[in-house]
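Q: Work the whole structure out from these sequences, hints included.
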Amino acid sequence: MDGNLETLELFLNFGFPLLILMIAYFIGSHIEKRHFRDIRERETKVHGFPVVSFNTMPDDWNVSSSDMVTGSIVISLDYFKRVIAGLRGLIGGRIKTYEPLLERARREALLRMTEEARLQGYDAIFNVRLETSRLANARRDGKGVAGVEMLAFGTAVKFASRFANS
Amino acid sequence: MRFVAKQPKEGINVSDTHPLVEASTLVVGLTAIFVVIVLAIIFMIEVALFFVSAEDEANLFGDWLPEDLITVAPDDDRLVEIQLLVDRLARHWPDSPYTFRVEIDDSETANAMALPGGLIIVTRGLLDRVESENELAFVLGHELGHFKNRDHLRALGRGIVLAMFFAVVTDSDVAGIGIKATDITIRGFSRRQETNADEFGLAVVNSEYGHVDEAWRLFERWEVENDSVINLVTYLSTHPESGDRIIDMKRQAEAEGWLLTGDVTPLNW
Numbered sequence: 000m001d002g003n004l005e006t007l008e009l010f011l012n013f014g015f016p017l018l019i020l021m022i023a024y025f026i027g028s029h030i031e032k033r034h035f036r037d038i039r040e041r042e043t044k045v046h047g048f049p050v051v052s053f054n055t056m057p058d059d060w061n062v063s064s065s066d067m068v069t070g071s072i073v074i075s076l077d078y079f080k081r082v083i084a085g086l087r088g089l090i091g092g093r094i095k096t097y098e099p100l101l102e103r104a105r106r107e108a109l110l111r112m113t114e115e116a117r118l119q120g121y122d123a124i125f126n127v128r129l130e131t132s133r134l135a136n137a138r139r140d141g142k143g144v145a146g147v148e149m150l151a152f153g154t155a156v157k158f159a160s161r162f163a164n165s
Numbered sequence: 000m001r002f003v004a005k006q007p008k009e010g011i012n013v014s015d016t017h018p019l020v021e022a023s024t025l026v027v028g029l030t031a032i033f034v035v036i037v038l039a040i041i042f043m044i045e046v047a048l049f050f051v052s053a054e055d056e057a058n059l060f061g062d063w064l065p066e067d068l069i070t071v072a073p074d075d076d077r078l079v080e081i082q083l084l085v086d087r088l089a090r091h092w093p094d095s096p097y098t099f100r101v102e103i104d105d106s107e108t109a110n111a112m113a114l115p116g117g118l119i120i121v122t123r124g125l126l127d128r129v130e131s132e133n134e135l136a137f138v139l140g141h142e143l144g145h146f147k148n149r150d151h152l153r154a155l156g157r158g159i160v161l162a163m164f165f166a167v168v169t170d171s172d173v174a175g176i177g178i179k180a181t182d183i184t185i186r187g188f189s190r191r192q193e194t195n196a197d198e199f200g201l202a203v204v205n206s207e208y209g210h211v212d213e214a215w216r217l218f219e220r221w222e223v224e225n226d227s228v229i230n231l232v233t234y235l236s237t238h239p240e241s242g243d244r245i246i247d248m249k250r251q252a253e254a255e256g257w258l259l260t261g262d263v264t265p266l267n268w
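Protein sequence lines correspond, in order, to chains A and E. Quick note on numbering that gives the first Met the number 0: the first sequence kicks off at 0 and runs consecutively. Quick note on numbering that gives the first Met the number 0: the second sequence kicks off at 0 and runs consecutively.
Any given hint could turn out to be false.
Calculated cross-link-like contacts (lysine-lysine; reagent style BS3-like; alpha-carbon spacing at most 27 Å) [stated by the list, open to error]:
#	chain 1	residue 1	chain 2	residue 2
1	E	147	E	249
2	E	147	A	157
3	A	32	A	44
4	A	44	E	5
5	A	32	E	5
6	A	157	A	44
7	A	32	E	8
8	E	8	A	44
Just so you know, the hints here were simulated from the structure itself, not pulled from any lab data.
A: Right, here's the structure in full:
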């Protein structure tokens, strides 16, 4: 009976938090894999659509109309990523668990912007910029992080004639 | 310049390391670091204890009462009786540098504490639960054992230094790992301290009454009563299990040839 209690105590102290961490990891990585798969598929669909970061329009673009297009995503950390990042924060170094998260956010924001431009009948986007902002968690005096917003924006243009090669 | 459409490149902004590898490296590494720090703190406190004699401690903390730690129970008649009992028990430790003082903490949980300067705190919950003077004498003797082995200073020192250490680590998840690592590291030490204090307490009880009857009856009752898992888990964290304690004490009494039965003194209240 004494041995059982030791085991139970060990489980409450270590096993239970570890179990929650593992559940968070499996759900989080499943969602992440699915999101990356979705991103790749949609990137293939918009392949060939010019999205460039020049801040002036290339000279050979003869355009008839333009508009600002945006794509934004708000993405949150899972428990696993947050715990591991917290541990990393103690000794420093690359927060490897955040990297795929932000990669997803960047690509998703660019995709949404591109998809919006295509939907509106535009042919290309220039002056593309990325912005991030941190959304604070209101529950903990605004100290915790609820998630990050990634905003992609640029100037979408419609060509008067088809893209002329110079 | 010609525009060539390209797909985004994969794997530039994302590290190859598998998240689980990253996680286990960090958890194992940090736990090891915490264990080393805690061991270093324990060692430093042993060194510090070497320089503070019990006489210095008694002078320094002679009339110290940590009022933010305990709530003194107002006008509890039992205080006089306990003080008399402690004085009687302390006679079996003649070269003690302390003048022992007793205070009753107004709390429901059954507990007793040894604090610097010879201050013994017993909770109201404990007094409500003891059924004979012999039971209470053993608990008080156990606390005297902590003074004898200077465990009360160790506990206080570790508490202060570790609290300072964890004040630096603000992230709750990281602190969680640290506290668990500390718990595991200290547990072995504190269990040995409790066992030593048990031995001293039992010797004191035997000298006072000429037998050790009912010395551990409180623990026997506890073991039966304590089916609440949560209570047991918190209690386990610092003390050896009551079953083990009883076995150890029986063994000690048999080895020393102490009488296991005798006249039990009833409580005076």
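Q: Check the structure against each numbered hint from earlier and tell me which ones fail, lowest number first.
A: 2
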